[in-house]
Amino acid sequence: MSFLEILYFIVPSAIFYAAPLILVAIGGVFSERSGVVNIGLEGLMVIGAFVGILFNLLFADTFGGLTPWLALVAAMVAALLLSLLHAVASISFRADQVVSGVAINLLAIALALYLVKSIFDKGQTDFISERFARYNVPVLSEIPVIGPLFFTSVYNTSFFAIGVAILAWFVIYKTPFGLRLRAVGEHPMAADTMGINVARMRYVAVMISGALAGIGGAIYAQTITGDFGHATINGQGFMALAAMIFGKWHPLGAMGAALFFGFAQSLSIVGSSIPYIQEIPNVFLLILPYVLTIFALAGFIGRANAPKANGKPYIKGQR
Amino acid sequence: MSNRVTNLLVPIVSVVLGLIVGAIIMLVSGYSPIEGYAALWNGIFGDLYTVGETLRQITPYLLAGLAVAFAFRSGLFNIGVEGQLIVGWFAAAYVGVAVELPKIIHLPLAILAAAVAGALWGFVPGLLKAKFRVHEVIVTIMMNYIALHVTNALIRTVSEGGDRTERIFTSASLRSEFLENLTEFSRLHMGLLLALIMVGVMWFILEKTTLGFELKAVGFNQHASEYAGMNVNKNIIMAMVISGAFAGLAGAMEALGTFEYVSSKGGFTGIGFDGIAVALLGMNTPLGVIFGATLFGSLKYGALNMPNAAGIPIEIVEIVIAVIIFFVASGYIIRLLLLRAAGKKKEAK
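One line per chain: the protein sequences are A and B, in this order.
With my numbering applied, the first sequence corresponds to residues 1 to 319, in that order.
With my numbering applied, the second sequence corresponds to residues 320 to 668, in that order.
I should point out that these hints are in silico values taken from the structure, not numbers from a laboratory.
Virtual Cβ for every residue (Gly too), placed ideally from N, Cα, C.
Incorrect hints may have been included.
Listed below are the simulated DSBU-like cross-link pairs for lysine-lysine, each with C-alpha atoms no more than 30 Å apart in a straight line [claimed, not checked]: (1) A/312 <-> B/535; (2) B/450 <-> B/553; (3) B/450 <-> B/422; (4) B/663 <-> A/248; (5) A/308 <-> B/527; (6) B/527 <-> A/248; (7) A/312 <-> B/553; (8) A/117 <-> B/584; (9) A/308 <-> A/174; (10) B/553 <-> A/122; (11) A/122 <-> A/174; (12) A/117 <-> A/174; (13) A/174 <-> A/316; (14) B/663 <-> A/316; (15) A/248 <-> A/312; (16) A/308 <-> B/553; (17) B/450 <-> A/312; (18) A/248 <-> A/174; (19) B/535 <-> A/316; (20) B/584 <-> B/422; (21) B/584 <-> B/663; (22) B/535 <-> B/584; (23) A/122 <-> A/316; (24) B/535 <-> A/308; (25) B/553 <-> B/584.
Have a look at the derived ranges for each label pair, beta carbon to beta carbon [as the list claims (entries may be wrong)]: (26) B/586 <-> A/279: 22 to 30 Å; (27) B/543 <-> A/163: 46 to 54 Å; (28) A/7 <-> B/427: 37 to 45 Å; (29) B/547 <-> A/6: 55 to 63 Å.
Please build the complete structure, drawing on both the sequences and the hints.
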């Protein structure tokens, strides 16, 4: 296999694995930039995956090829509602945000499996019939090198994810809303003094993170697994959390990190058929994203600093 | 109402609310909550065998709860108990199968191996926190996944391609015929005793030693501790190491008592995460951990009876546990409501 052929093989698969990670990591950026730690991304993804698959199974006959996209909307709404629970606990009830996130994770997987068993009477759902389809982008896929790398047998969801990342960058860095969002996460008291409603900003941010995590979960389930069971998401949410930190709480950085982690994940799966890569024990590829995140945090790969007020409930009048 | 009473009431109110939410979910999804909770009760106290198995389930919960609580007292959040437990499990099982020694040496050695492995896994986030001010929550989450993948790879190597190790030699086993005969041949083992001793050890360290005093001081206020001449960095590392050792011991319970082997895992055991619930409910005190572990261990084991006896998926109990954590975490609002209720009563008088 030539080097280019290996790239043609690995790059599309990396982008394919990265798409859900990008969306969920961007969700994390919104939440944490506003000062709310969201460990619950994993759980929000689980609910997104479950609702997406359930909607797809129920309505595939009604909506046909449009079903997967509508399933994303359903998943988005469901995860948004669950994220409200996290928002209420960590913003209004002043709960420890990490603990509340852990509760969201436990609740989501338990609730989803409980419903799966109640509805399907077994441990996982049936396989969906309407999946996102791969296709070749007309004209663009004809370009040499770039065509087969980025525009051949792609998913629309990948373009969607990258589009959301760019949009998120614009919103967070180029709009008044984004400025307020960052202000609330860095110094809520100063923001409050300037007349910004801290609690409302944080609620909105957590809800955005819930919505994006739900969509990410549904994309993961509808492109990669095709059904829902206890191991469907299995740490993808935490991987997205890692991507967010590795990307230094910046939307485009998070996207880059997610693409890289997608690359590592796809290597660990398809690597056994690629020369040189197959020599590396699989375990190193599996732990690579996690080890890199620890290195990034320790400052070996440029310092990653969290937003200053991240994780602290804002209590009016308290210094 | 005194502060102390309110503090005690928060966990109790949370548990009651959790059970009520569970009942509502069962009701809405077409099951009978009475049947469900009856099945849960019988799954815990049904006969001597189930009581033995429930106690067996409580054992690792005690240690996982201690691990989380100990770190909490020093102001650290150890989400990595799960990973530390997994490496402890592997280390104990490895020592159990690799050599055969007289019991008096072999069993302590295997237990020690688990504690050391867990401590090592806790040392890394502790060191990073102390040296680079890296938040321990993220590092421990990452360490969990590294533990999962690394032990799976090691198990494959040790078992030459298989997905579980051999059974450990009986010289490393915690099982006791006496306890098995007592409980109609459940898998209850001597680990329960060890776990209870460890509860005492944690109490002793925290309340009776200089180390414990310093750890708590650092947990309350790092700057004040530093000003008072304590070495904050050393204490952070110590807290994570001891916490990791407790978690490693929880793994030893599974390796040397319950299963007597280690198999590769597709996902986490969940015991480490439930340890967070145990510690929170027990307000991070040694006695509280006994209470929390007993409650969650019983719920977890009793739930296994629910599908057979009442046709209800076992996940209902996980939902209840998650809701309890949620309410305990939101203690502020419960406290506020309790105080209001108490205030109203006073006005009425």
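We went through each hint and held it up to the structure:
1. Taking the CA atoms of residue 312 of chain A and residue 535 of chain B, the gap is about 21 Å. The hint holds against a cut of 30 Å.
2. Restraint check for residue 450 of chain B and residue 553 of chain B: satisfied, since their Cα atoms lie roughly 10 Å apart, inside the 30 Å limit.
3. Note on residue 450 of chain B and residue 422 of chain B: the hinted pairing is violated, with a Cα-Cα distance of about 41 Å set against a maximum of 30 Å.
4. For the hint linking residue 663 of chain B to residue 248 of chain A, the alpha-carbon distance of about 49 Å lies beyond 30 Å, and the restraint is violated.
5. This hinted pair does not check out: residue 308 of chain A and residue 527 of chain B have alpha carbons roughly 37 Å apart, beyond 30 Å.
6. About 43 Å separates the Cα atoms of residue 527 of chain B and residue 248 of chain A, which puts this hinted pair outside 30 Å; it is violated.
7. The hinted pair formed by residue 312 of chain A and residue 553 of chain B meets the criterion: a straight-line CA distance of about 25 Å does not exceed 30 Å.
8. A threshold of 30 Å between alpha carbons decides the hint, and for residue 117 of chain A with residue 584 of chain B the separation of about 22 Å falls inside it, so the pair holds.
9. The suggested pairing of residue 308 of chain A with residue 174 of chain A holds, with an alpha-carbon distance near 20 Å, which does not exceed 30 Å.
10. Taking the CA atoms of residue 553 of chain B and residue 122 of chain A, the gap is about 51 Å. The hint is violated against a cut of 30 Å.
11. This hinted pair does not check out: residue 122 of chain A and residue 174 of chain A have alpha carbons roughly 49 Å apart, beyond 30 Å.
12. For the hint pairing residue 117 of chain A with residue 174 of chain A, the CA-to-CA distance comes to about 46 Å; that exceeds 30 Å, so the pair is violated.
13. Restraint check for residue 174 of chain A and residue 316 of chain A: satisfied, since their Cα atoms lie roughly 28 Å apart, inside the 30 Å limit.
14. Distance hint between residue 663 of chain B and residue 316 of chain A is fulfilled; the C-alpha atoms sit about 26 Å from each other, no more than 30 Å.
15. This hinted pair checks out: residue 248 of chain A and residue 312 of chain A have alpha carbons roughly 19 Å apart, not beyond 30 Å.
16. Using a Cα cut-off of 30 Å, the hinted pair residue 308 of chain A and residue 553 of chain B holds, with the two alpha carbons roughly 25 Å apart.
17. Restraint check for residue 450 of chain B and residue 312 of chain A: satisfied, since their Cα atoms lie roughly 23 Å apart, inside the 30 Å limit.
18. A hinted pair counts as satisfied when its Cα atoms are at most 30 Å apart, and residue 248 of chain A with residue 174 of chain A qualifies at roughly 18 Å.
19. As the CA atoms of residue 535 of chain B and residue 316 of chain A are separated by approximately 28 Å, the hinted pair is consistent with the 30 Å bound.
20. The straight-line distance between the Cα atoms of residue 584 of chain B and residue 422 of chain B is roughly 29 Å, inside the 30 Å bound, and the hint therefore holds.
21. Our distance criterion of 30 Å between C-alpha atoms is broken by residue 584 of chain B and residue 663 of chain B, whose separation comes to about 54 Å.
22. Under the criterion of a C-alpha separation no larger than 30 Å, the hint pairing residue 535 of chain B with residue 584 of chain B is inconsistent with the structure, at around 36 Å.
23. Only pairs whose Cα atoms come within 30 Å are accepted, and residue 122 of chain A paired with residue 316 of chain A is rejected, the gap being roughly 49 Å.
24. A C-alpha spacing of about 25 Å is found between residue 535 of chain B and residue 308 of chain A, which places the hinted pair at or below 30 Å, so the restraint holds.
25. Distance hint between residue 553 of chain B and residue 584 of chain B is unfulfilled; the C-alpha atoms sit about 34 Å from each other, more than 30 Å.
26. The hint said 22 to 30 Å for the Cβ distance between residue 586 of chain B and residue 279 of chain A, and at roughly 28 Å that hint holds.
27. Between residue 543 of chain B and residue 163 of chain A the C-beta distance comes to about 50 Å, which sits within the given range of 46 to 54 Å.
28. About 54 Å separates the C-beta atoms of residue 7 of chain A and residue 427 of chain B, a value inconsistent with the hinted range of 37 to 45 Å.
29. For the pair residue 547 of chain B and residue 6 of chain A, the beta carbons lie near 60 Å from each other, so the given range of 55 to 63 Å is met.
Hints 3, 4, 5, 6, 10, 11, 12, 21, 22, 23, 25, 28 from the list above are not met by this structure, while the remaining hints are.
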